[in-house]
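Q: Note that UniProt numbering has the sequence shown beginning at 1, numbered continuously upward.
By construction, these hints were calculated from the structure, which means they are not laboratory data.
Nothing here was measured: the structure is a model prediction, and the numbers come from that model.
Among the hints, a few may not be true.
To be verified - Within a straight-line C-alpha distance of at most 27 Å, the following computed DSSO-like cross-link-like pairs (lysine-lysine) qualify:
| id | residue 1 | residue 2 |
| --- | --- | --- |
| 1 | K32 | K164 |
| 2 | K209 | K164 |
| 3 | K164 | K2 |
| 4 | K209 | K7 |
| 5 | K69 | K164 |
| 6 | K5 | K167 |
| 7 | K167 | K69 |
| 8 | K119 | K69 |
| 9 | K5 | K164 |
| 10 | K7 | K164 |
| 11 | K209 | K5 |
| 12 | K209 | K167 |
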Amino acid sequence: MKELKRKEYEAALAPMQVELVALSRWLQHAGKRLLVLFEGRDTAGKGGAIGAIADQLNPRQCHVVALPKPNDRESGQWYFQRYVPHLPAAGEIALFDRSWYNRAGVEQVMGFATPAQVKAFLRQAPVFERQLVDDGILLFKYWLCCDQVRQEERFQERLCDPLKRWKLSPVDIEARVRYDDYTRARETMLAATHTRHAPWTLVDFNDQKRGRLTLIRDLLDRLPDTHVPPPDLDLPPLAGRPRRERYGVLRPLPAFRT
1 MKELKRKEYE AALAPMQVEL VALSRWLQHA GKRLLVLFEG RDTAGKGGAI
51 GAIADQLNPR QCHVVALPKP NDRESGQWYF QRYVPHLPAA GEIALFDRSW
101 YNRAGVEQVM GFATPAQVKA FLRQAPVFER QLVDDGILLF KYWLCCDQVR
151 QEERFQERLC DPLKRWKLSP VDIEARVRYD DYTRARETML AATHTRHAPW
201 TLVDFNDQKR GRLTLIRDLL DRLPDTHVPP PDLDLPPLAG RPRRERYGVL
251 RPLPAFRT
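Generate the whole structure from the sequences, applying the supplied hints.
A: Structure, rendered in structure tokens:
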């Protein structure tokens with residue numbers, strides 16, 4: 001399938017973003033909580049997918065969660081504890097850019113977790129997610145798929161582009177040579193945590209634009225009818241002519257000149 005052009009992508013995305021705004025109204029109206037986990041290899045496109053969902057939503061309602069590595073105190077907690085404060089409240093959306101599945105992925109492959117800790121996680125994660133779902137959270141788990149040839153292209157782009165250089169870390173460089181290890185870890189994780197109450201959905205992100213559209217369409221289609229009309233508002237005519245903004249104490253900066 002040919003790679004999607006930007007104009008085609010934007011034309012397909014726009015009506016979906018309208019649906020996402022309607023979804024956000026429905027969540028508030030119904031008091032529902034939406035939690036979406038984004039997992040995948042480095043460079044798969046998690047940040048872009050999250051941005052496509054969150055860009056047109058109220059940031060007070062839609063929260064992006066991208067936690068750094070745990071500090072010393074967090075390392076001594078129950079593993080899931082650091083994620084609990086970021087779960088959505090009524091009417092909210094939480095989009096996790098990586099999640100507790102770090103333990104079954106990078107922590108396992110890079111040796112940051114012991115085999116016993118990984119085994120315990122794979123046993124406990126379905127139980128933890130069962131509690132979330134039983135409490136009414138709408139939980140969606142997406143794995144973004146990316147072939148190694150695409151990953152290499154994106155690593156090279158990050159290396160050469162000063163605006164993307166910050167995305168490349170020593171851990172990313174090490175992960176390049178452990179592609180097969182990550183594959184084995186992912187397959188073990190999916191086998192242990194793909195459940196009826198919290199299934200995984202895999203999305204092809206070799207074409208990131210097409211992948212975003214596929215993911216968002218799937219998310220919208222799996223939710224109930226979210227149509228809640230917007231509030232009935234009106235803008236009555238102003239009492240007089242529109243006023244020009246005036247400043248007394250300070251002046252705005254001079255306009256930028258090219």
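Q: Any hints from earlier that this structure breaks? Give me their numbers in increasing order, please.
A: Failing hint: just 1.
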